[in-house]
Amino acid sequence: MAATVLVVDDSATIRQQVGAALKAAGFVVAEACDGVEGKARVSAGGIGCVICDVNMPHKNGIEMVEELRADGPGQLPPIIMLTTEGSPHLIQRAKAAGAKGWMVKPFKAELLVAAVRKLTS
Amino acid sequence: MEPLDVVTSTYLACLVDVVGAYTGTKPVARPLSAACPITQTTDDTCATLVRFGEERVWGSSLLVADEATLRNLAAGEVDDLYDWLGELNNQLVGRMKNRLIRSAPHLQISMPVPVVGFVKDRGAAAGWVVMWDGGRLTACLGLTVTPGITLVADEPMADAAAEGSLVLF
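Protein chains in written order, with the working numbering: chain A, 1 to 121; chain B, 1001 to 1169.
Treat the hints as calculated values from the structure; they're not laboratory data.
Every value quoted in this text rests on a predicted model; they were computed, and no experiment measured them.
One should not assume that every hint holds.
[Unchecked claim] Derived coverage of chain A by chain B (criterion: at least 3 residues anywhere in the stretch with Cβ under 8 angstroms from a Cβ of chain B; other residues may be distant): (1) 8 to 21; (2) 76 to 86; (3) 95 to 103; (4) 112 to 118.
[As the list claims (entries may be wrong)] Cross-link-like lysine to aspartate or glutamate pairs, in silico, DMTMM-like; alpha carbons within 20 angstroms at most: (5) K39(A) to E67(A); (6) K108(A) to D1017(B); (7) K23(A) to D1079(B); (8) K39(A) to D71(A); (9) K108(A) to E1077(B); (10) K59(A) to E37(A); (11) K1026(B) to E1155(B); (12) K23(A) to E1077(B); (13) K95(A) to E67(A); (14) K95(A) to E63(A); (15) K59(A) to E31(A); (16) K95(A) to E66(A).
Every residue, glycine too, gets a C-beta built ideally from N, C-alpha and C.
Put together the whole structure using the sequences plus the hints.
Next up, the structure:
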């Protein structure tokens, strides 16, 4: 059965573009528009991988990862941050929180799909 | 180079890079005679504003484009053109932030805001129209820099922070 990948981004266009690339590769895609909705969706279970923006309203992506990790290791599926940010400080913070990857927009579909395949296999 | 010129030239380089990343071309950016010639959006145009700032450097990026241009810029389907133009603006200012990170490490970026109706950006310092086969996009930079500070812009990064790169930890 194909893994479900959750795309968390406040931009509907990015969710649409990333979702299209993942669906074309055979994944099931779920969406959330900020860190609050993303955390709730992950906590509900059944998510095999998360693609997550950093700067979002209500709760940013790194805060979401940190809170999911604090809830317990079992709550944390593989997470790739997809963002315009390139700050080494933020990359280190995401890594320390348990994120598995960092991609700077614009995303390359083939790279993202390959990484999701690797993390969900 | 004066700090105002450092930010302006970095913004312009990032503008051309962002459009080039989505079009696969090397677009031409032509300076506008008026810093912000757009006074009112129409049914055929979208405009979005992203603000940025820290203690010593602050300003805004206004992007304006028509529907055909925005659809040509997208790799696939786009349902919400304002959202798409806001995302492009966010990526543009994000790139600028990354290249200025050594000397302006605390630069914050706002969420993109759609601009509908009259465009009044009093702080516009410079404007360009970026042209390629698929369309044209107008960009206006509003900018205030504290006099006397030193700013340094880096070349595009080649590590985990490089645009389009993916690093697995």
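Results of checking the hints against the structure:
| no. | hint | verdict |
| --- | --- | --- |
| 1 | 8 to 21 | holds (count 8) |
| 2 | 76 to 86 | holds (count 5) |
| 3 | 95 to 103 | holds (count 6) |
| 4 | 112 to 118 | holds (count 3) |
| 5 | K39(A) to E67(A) | 8 angstroms, holds |
| 6 | K108(A) to D1017(B) | 15 angstroms, holds |
| 7 | K23(A) to D1079(B) | 17 angstroms, holds |
| 8 | K39(A) to D71(A) | 10 angstroms, holds |
| 9 | K108(A) to E1077(B) | 16 angstroms, holds |
| 10 | K59(A) to E37(A) | 9 angstroms, holds |
| 11 | K1026(B) to E1155(B) | 17 angstroms, holds |
| 12 | K23(A) to E1077(B) | 14 angstroms, holds |
| 13 | K95(A) to E67(A) | 14 angstroms, holds |
| 14 | K95(A) to E63(A) | 12 angstroms, holds |
| 15 | K59(A) to E31(A) | 15 angstroms, holds |
| 16 | K95(A) to E66(A) | 10 angstroms, holds |
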